[in-house]
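S.K.: With the hints as constraints, model all of the structure from the sequences given.
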Amino acid sequence: MYGYAGRVLHVDLTTGRTWTEPLKEDLARKYIGGIGLGIRLLLEHCPSDVDPFSPENPLILTTGPLSGTIAPTGGNGHAFVAKSPETLGVGESKAHGFFGTELKRAGYDAVIFKGRAEKPVYLWIDDESVQLMDAKHLWGKSPLEAEETIKKELGDQYIRVADIGPAGERLVRVASIMNDRHRCAGRTGMGAVMGSKKLKAIAVRGTKDVNVANVDGLREFTKFLHERMKGPATRKYRTLGTPENVLVHNTIFCMPSYNYNRASFDKAEKVSGELLNERFVSRIIGCGSCAMRCEHVCVVPEGPYKGTVTRLEYEPLWAMGPYCGVDRLDAVIKGMDLCNYYAIDPIGSGVIVAFAMDCYENGILTKEDLGIEARFGNHEALLELLHKIGKREGIGDILAEGVRIAGQKIGRGAEKLAQHIKGLEVTGYDLRTLKTAALGYAVSFRGADHNRHGAYALDIAGKVDRYKYERGRAKLVKEMEDMYNIIDSLIICKFSRGVYYKGFEDMVTLYNYVTGLGLTHKELELAGERIQNAARLFNIREGFTRKDDHLPWKVMNVPVPDEGPAKGQYIRQEELDLMLDDYYEVRGWTKDGIPTIEKLKELGLEELLYIVEPKIKM
Amino acid sequence: MAAIHARRFVSADPRKCVGCAICEYICSLEKEKTFNPLKSRIRIVRLHPLINLSVTCRLCEDPMCVASCPRDALTQSKETGIILIDEDKCNGCGWCIEACEYGAVVLHPEKKVVTICDTCDGDPECVKWCPEEALDFVTSDVLAQKARIDSVKRLFIEAMKAVPAPL
Chain A
1 MYGYAGRVLH VDLTTGRTWT EPLKEDLARK YIGGIGLGIR LLLEHCPSDV DPFSPENPLI
61 LTTGPLSGTI APTGGNGHAF VAKSPETLGV GESKAHGFFG TELKRAGYDA VIFKGRAEKP
121 VYLWIDDESV QLMDAKHLWG KSPLEAEETI KKELGDQYIR VADIGPAGER LVRVASIMND
181 RHRCAGRTGM GAVMGSKKLK AIAVRGTKDV NVANVDGLRE FTKFLHERMK GPATRKYRTL
241 GTPENVLVHN TIFCMPSYNY NRASFDKAEK VSGELLNERF VSRIIGCGSC AMRCEHVCVV
301 PEGPYKGTVT RLEYEPLWAM GPYCGVDRLD AVIKGMDLCN YYAIDPIGSG VIVAFAMDCY
361 ENGILTKEDL GIEARFGNHE ALLELLHKIG KREGIGDILA EGVRIAGQKI GRGAEKLAQH
421 IKGLEVTGYD LRTLKTAALG YAVSFRGADH NRHGAYALDI AGKVDRYKYE RGRAKLVKEM
481 EDMYNIIDSL IICKFSRGVY YKGFEDMVTL YNYVTGLGLT HKELELAGER IQNAARLFNI
541 REGFTRKDDH LPWKVMNVPV PDEGPAKGQY IRQEELDLML DDYYEVRGWT KDGIPTIEKL
601 KELGLEELLY IVEPKIKM
Chain B
1 MAAIHARRFV SADPRKCVGC AICEYICSLE KEKTFNPLKS RIRIVRLHPL INLSVTCRLC
61 EDPMCVASCP RDALTQSKET GIILIDEDKC NGCGWCIEAC EYGAVVLHPE KKVVTICDTC
121 DGDPECVKWC PEEALDFVTS DVLAQKARID SVKRLFIEAM KAVPAPL
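Chains A and B supply the protein sequences, listed in that same order.
In terms of our numbering, the first sequence has 241 at position 241, counting the first letter as 1, and numbering is strictly consecutive.
In terms of our numbering, the second sequence has 79 at position 79, counting the first letter as 1, and numbering is strictly consecutive.
Please note that a few of the clues may not be correct.
Beta-carbon label-pair distances, calculated as ranges [what the hints assert, rightly or not]:
(1) A:R29 - B:T34: 54 to 62 Å
(2) A:E153 - B:T34: 49 to 57 Å
(3) A:N214 - B:Q145: 55 to 63 Å
(4) B:Y102 - A:R375: 51 to 59 Å
(5) B:I51 - A:E613: 56 to 64 Å
(6) A:D397 - B:F156: 58 to 66 Å
(7) B:I51 - A:E380: 25 to 33 Å
(8) B:E110 - A:G588: 50 to 58 Å
Bear in mind the hints are in silico, worked out from the structure with no lab data behind them.
The beta carbon of each residue, even a glycine, is placed where N, CA and C say it ideally should be.
M.R.: Structure representation (structure tokens):
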């Protein structure tokens, strides 16, 4: 096979045994790689109803078919897939940088970790040689410290490392897996699953060639995509970066602030992308194989957080800034740095802090409970609570469970202040004023997320009436979901999605140049749909129903209070029902959101019929 | 015979290079028809997100790599200044690798002989592909010119600040 390494590595952490098996071409064609392949392997390797922290929950690491090649942005990604400790459904998260490339060059399309080590270990993959190494001395270290220690002790600076921090070790449910210093597979708690296995790090050195089917074709097409990448399709990412969203979202009332108490932030000017770039961005760098530059590296030049260096994107900025009412960029950058240190999802963590602040403002949690006056806007409280979450210290032990469980544990109305979908914390788009996005969020298989569909783009660009859901939008959402599944399975970067002017057609060209498998663009599109259905089937198998396609409490119950055109907007149950009916119909699912037998046969998912058969007969 | 200052080599501008590794990919593709940075004649170094630079052969005068080879496998082209490798003589001992202060000599992982940038016969692919235009195919003289111009510009930016604003 070209592009693919053609091998899956199995690691049983309980016994220490490792072995490989060939990657079946059929699986590659049907699930592409990345999250698609990961979800398919999850269905096969994760038994029903297991606790996400049990040794039986597999942690699956995948690369994409393009990893290791010059395919723009595709050369560098990797994905983690497991049953999520936050949602108890499909968990998946991707990261870019240089780690995925190295794993491909070592000769693996996927690594499946099962079991649990008796004591902390790390995996050292040196091409064919795969060893479990003692990680006692790394336990408790930050990802960066562990990465540097590993490189030093193995004596090779070109080793790439993906690892967890103190939070993953302590099973903080929003724990992430870091690589290349500050790249992060952040969402759905993959770091906690890794921690539950006592697996501190995965270190890789790959020295093999990555060969492609059509060198000249790929070369020419890459050059062509590079030119597009230098043009308008990626302007935002190369200039102000995603923090540009702050003022854009704020102006049109789609940036939730103060834990969804408002739809805009009164101090947005103080945390704008413009200000960030002017005062803090020191350089804009790039990942391997990418002709775009998006990674805005911030340096705090003065004040209490002087010398802090980290990348910062809109979502973390939003979560720890406007969503917590914090108007200091230096504190937000420090917050991002703490998230990197403990290895926690900066989005989820920011939302948890805002939840705690809302509890404090409402008298549900006190200064004694929190150890600090956690008023909205108190940047010291933000940082203090991030420390507590990372260490599971004091109230942090409850907050580390994520907003859903924390809300239930705290009670007394705290459940209503916990803004999540399926247990995953919300992201920086106010769904009350973006009703196409709201559908995408409600049905997203990994919970509240903008990155499973990107449907906000339709609302924000004004292509639809964003205040009113109308039948027919589900078709648009479905198309975007299928596309995003392919993006995450090829593992190309979403920031580059604009350069694929012809969508699936351009993507399949790239895929075929690399793999030589000769897929049609219809087949690739169908693979996107297949992946969506496979993820849905996993969730159904774990007991998810139509009721789980819900929206955060405030989206359904607190009308937008901000003066202006968005005032009074929220989403009623009837409106959500209309969205879901429309969506299930377009997907070919039943009224209860279960894929029909016909649909699964159409998608070649016969082997998974066992999941739906008893439910449909009922 | 070209004068020493006419020798052109690939140089990366530290202010522009972002460490994207496209030069590695394209070098490996051009020279070896595969993707593998170990087969690239130019290598990126990322010490920190803020510290990135691609490094390759600088066509030194009296190059240490040539001097250190006990088997006379390396010679310098009088015409272009590139290091020529006699693959039959090279036994991969690595003395030239140790001798090169820039890490520009690499051992081919399969052939076990060394490889060094040959500037693609005076038309380097990496320079053409660098999206940041951080790579240049230049002479030392042009590099010196650039540095001089930059320093004068910086000097005058400072100087202009001291000049009182016009009324």
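S.K.: Does the structure break any of the earlier hints, and which numbers would those be?
M.R.: 1, 2 and 3
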